[in-house]
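Asker: Per my numbering, the sequence shown starts with residue 312, numbered consecutively.
What the hints contain is simulated information worked out from the structure, not anything from laboratory work.
Hints are all accurate, no fakes.
Here are the simulated distance ranges between beta carbons: (1) 320 - 340: 14 to 22 Å; (2) 313 - 342: 27 to 35 Å; (3) 342 - 312: 24 to 32 Å.
We put the CB at the ideal spot given by N, CA and C, even for glycine.
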Amino acid sequence: MTRQEAHAIIGQLQEQEFPHAFNKARKIALIKSQNNKRNSEKRYVLSEYFIKV
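Whenever a hint applies, use it, and build me the whole structure from the sequences.
Answerer: Structure follows, in structure tokens:
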């Protein structure tokens with residue numbers, strides 16, 4: 312399985328099978344990555360983008 316195929320499978324699961332669970336998991340993961348002061352500023356901008364996408 313290529314990386315692109317795996318990405319397509321995850322995208323399909325995310326959109327059709329479990330949209331709420333995947334969105335919540337992504338938000339929690341992004342919040343945990345912001346918990347470090349060193350990463351907080353650069354991660355905040357990326358998090359805004361990913362949550363909106």
